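A.B. asks: Each protein sequence line maps, in turn, to chains A and B. Numbering-wise, this note's numbering puts 366 at position 366 of the first sequence, and it's gapless, one number per residue. Count along the second sequence from 1, add 390, and you get the number used in this note's numbering.
If you are wondering where the hints come from, they were derived from the structure by calculation, not from laboratory data. These numbers come from a predicted model, not from an experiment. Errors might be hidden in some of the hints.
As the list claims (entries may be wrong) - DMTMM-like mimics (lysine to aspartate or glutamate), calculated; alpha carbons at most 20 Å apart, straight line:
| # | chain 1 | residue 1 | chain 2 | residue 2 |
| --- | --- | --- | --- | --- |
| 1 | B | Lys498 | A | Glu200 |
| 2 | B | Lys572 | B | Glu514 |
| 3 | B | Lys592 | B | Glu608 |
| 4 | B | Lys456 | B | Asp415 |
| 5 | B | Lys508 | B | Glu520 |
| 6 | A | Lys116 | B | Asp446 |
Stated by the list, open to error - Just the calculated beta-carbon pair ranges, DEER-fashion:
| # | chain 1 | residue 1 | chain 2 | residue 2 | range |
| --- | --- | --- | --- | --- | --- |
| 7 | A | Ala94 | B | Arg397 | 53 to 61 Å |
| 8 | B | Gly411 | A | Pro210 | 34 to 42 Å |
| 9 | B | Ala502 | A | Ala94 | 30 to 38 Å |
| 10 | A | Thr208 | B | Gly404 | 21 to 29 Å |
| 11 | B | Gly404 | A | Pro105 | 28 to 36 Å |
| 12 | B | Ala502 | A | Asn257 | 53 to 61 Å |
| 13 | B | Glu510 | A | Thr208 | 23 to 31 Å |
| 14 | B | Lys625 | A | Thr208 | 41 to 49 Å |
| 15 | B | Ser428 | A | Lys116 | 18 to 26 Å |
| 16 | A | Lys116 | B | Gly411 | 19 to 27 Å |
| 17 | B | Gly429 | A | Arg118 | 22 to 30 Å |
| 18 | B | Ala502 | A | Ala235 | 35 to 43 Å |
What the hints assert, rightly or not - Listed next, the stretches of chain B that the computed footprint assigns to chain A, with coverage defined by at least 3 CB atoms under 8 Å from CB atoms of chain A:
| # | stretch |
| --- | --- |
| 19 | 469–476 |
| 20 | 487–498 |
| 21 | 517–527 |
Cβ atoms here follow ideal geometry from the backbone N, Cα and C, with glycine treated the same way.
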Amino acid sequence: MGTYPESGQPPNGEGSAERAPKSPTWASQARGLALASAPAALLAGIVILIVLAFLATLAFVGVINAVFILQRWPTAYLPLWSGPLWNSLFLTIASYLLGFAVAVPLGLVRAYGVGKTRNRIALLFYAPVTGYVHAIRGTPFFVQLWLVFFVVIEAAPRLNVLGWNVYFWAGLLALTLNTIGYQAEVFRGGFQAVGQGQVEAAKAVGLTGPQVFLHITLPQGLRLITLPLTNEFIALFKASTIVSYISVYELFVWAENLGVRFGHPIEGFLMISLYYLLINIPLSRAVTYLERRLRIPGLGTQPGGESFAFRFLGRGDETRRVASWSHAQPIRTRSGLRQASNGFAQVPTRSRGGLVPAGRQQPRDGDDDRPVPAGVPATTAASEPGLPAS
Amino acid sequence: MTMVRIRGLHKSFGSLHVLRGVDLDVNRGDVLCIIGPSGSGKSTLLRCTNLLIYPDQGDIFIEDVKVNSREVRPEWVRQQIGMVFQQFNLFTHLTALRNVMLGLVRVKGMDAAAARSKAEFELERVGLAEKKDAYPAQLSGGQQQRVAIARALAMDPKVMLFDEPTSALDPEYIHEVLDVMKRLAEEGMTMMVVTHEMGFAKEVADSIIFFNQGQIVERGSPEEIFDRPGHERTKAFVGKILR
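Only chain A is shown next, with the shape it has when bound in the complex (with noise of 0.2 Å):
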């Protein structure tokens, strides 16, 4: 024992790095990075100039006044003074952590009160919680939020709050009782993605029940449940428009506004639009980064996964591309792009999860930064020569 019984190969591949041919250099990174990237910029530049055609098609024919936007710019268009901006951030970020803290526990009332396992406690709650559920997913939002205001309207003089502003926070009540039921759903799907084996494995350690689920079920479930929680938080966030209609000032009130005073709706609405994605994309680049760094092996799905038009924003996804377009880089170890700026780079490409299935057919060790042969796809890593027979 203390040796490793395998084949005697070393820990992490380091004797494979005389196998890879000559580092590459700068130029030639950047070569095989531009040729990488080049088909994914080439159609994102295509749509870009479509729309950027439209929008001066319109300004052309008077549509879209350019010279009123270009004037009122500095004062009109930028609603970060007047706040209806941080409104429509302040309502989607407070109904989000709200809906969060509430739905845990819904989604463990929905994930274990039911089964053959089922707990005491989840089951006596398991029918309400279901019907709530039910009724959030399965009437619209906007009639929620009518039913929401009406009562808040009815109970507030009974309340002594009308110093508040009782629309806001209607508005702010609506949204949360929606995310609410959306959001339990989620964690019930995390929570009863995580295997049998594991919750067995922690309890014949000793740990109690709310142990297992405080160290096992909720570390791993969230971390496969990253995905849908962000849609929520975008939906949210597109959805916290339609509370303008119980008089909340936000962005779409305000663009609306812009419309009714200076006869411009289609610059006031092409603004908000604007402003929608300049939150929305960052936000979801940011969360398929942080997705990635916090990656664990065997664990989740593959790296990548937004959607493609996106790709030619920000900085490139190496490993996705070296994956997917390895044939067109020089760029010889799977994981060599980023090995020296964090320590999570020593994971390969391929044990990463998705397409691994558990148990017996998990990648051993020295997989690690094997090199990747030119003009193979990493995907047949398999037939890689050099590979030990195994």
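Position chain B against the provided structure of chain A, taking the given hints into account.
C.D. replies: Relative to chain A, chain B alone:
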């Protein structure tokens, strides 16, 4: 001295009567191998022993303490009993070291530094000190199973339960797990092993149980079970396996 004593154990899943009255004694330091056809209730017997499944009827004693009673916390019982699973079941989001440390910190209440050195010691024992920072997915099946053994050993269990520990392994990795188990037996650990590795059973077991349809058909030394089985069904099973 009797480490594990089981009396009149019954368990049903719905209409399926899995355990039909099992009586069993395991002495301190003994290795008991349980063989038998699949679906005969061997795994259920092990899971009942550490209360992952509650028996419907019957008593389980660990060192003369009745463990399936209301006064005993199941977590306490499971802490006394180490379990190794067929599918390893390492915590996928934790490194090998953290897998071993989790129980020490959260169940035994050790501080992080003490738990770390204890965990490193246990990984050293199964020959995986260099792999302590690897995640389960980065380890071979054999290595994962050895980490799982280290995780169970770290809790200083009185009994170790092995539920077909080599059945999910590629043939080339089986011996490294069996080697660890053999050494454990030599060190005097009390073990109950459900296995299809007849070579291991012959070499290491103090006694062997042939289990069929939720009942113990025959119990004896390896020589008795393999060379001169007394029961027809044992004869048929052993004949098939050893052919």
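A.B. asks: Now tell me if each hint is right for this structure.
C.D. replies: Each hint tested on the structure:
no.: 1; hint: B:Lys498 / A:Glu200; verdict: holds (18 Å)
no.: 2; hint: B:Lys572 / B:Glu514; verdict: holds (16 Å)
no.: 3; hint: B:Lys592 / B:Glu608; verdict: holds (15 Å)
no.: 4; hint: B:Lys456 / B:Asp415; verdict: holds (14 Å)
no.: 5; hint: B:Lys508 / B:Glu520; verdict: holds (15 Å)
no.: 6; hint: A:Lys116 / B:Asp446; verdict: holds (16 Å)
no.: 7; hint: A:Ala94 / B:Arg397: 53 to 61 Å; verdict: holds (60 Å)
no.: 8; hint: B:Gly411 / A:Pro210: 34 to 42 Å; verdict: holds (36 Å)
no.: 9; hint: B:Ala502 / A:Ala94: 30 to 38 Å; verdict: holds (36 Å)
no.: 10; hint: A:Thr208 / B:Gly404: 21 to 29 Å; verdict: holds (28 Å)
no.: 11; hint: B:Gly404 / A:Pro105: 28 to 36 Å; verdict: holds (31 Å)
no.: 12; hint: B:Ala502 / A:Asn257: 53 to 61 Å; verdict: holds (58 Å)
no.: 13; hint: B:Glu510 / A:Thr208: 23 to 31 Å; verdict: holds (26 Å)
no.: 14; hint: B:Lys625 / A:Thr208: 41 to 49 Å; verdict: holds (46 Å)
no.: 15; hint: B:Ser428 / A:Lys116: 18 to 26 Å; verdict: holds (21 Å)
no.: 16; hint: A:Lys116 / B:Gly411: 19 to 27 Å; verdict: holds (24 Å)
no.: 17; hint: B:Gly429 / A:Arg118: 22 to 30 Å; verdict: holds (25 Å)
no.: 18; hint: B:Ala502 / A:Ala235: 35 to 43 Å; verdict: holds (40 Å)
no.: 19; hint: 469–476; verdict: holds (count 5)
no.: 20; hint: 487–498; verdict: holds (count 4)
no.: 21; hint: 517–527; verdict: holds (count 8)
This entry satisfies every hint, going by the numbered hints stated previously.
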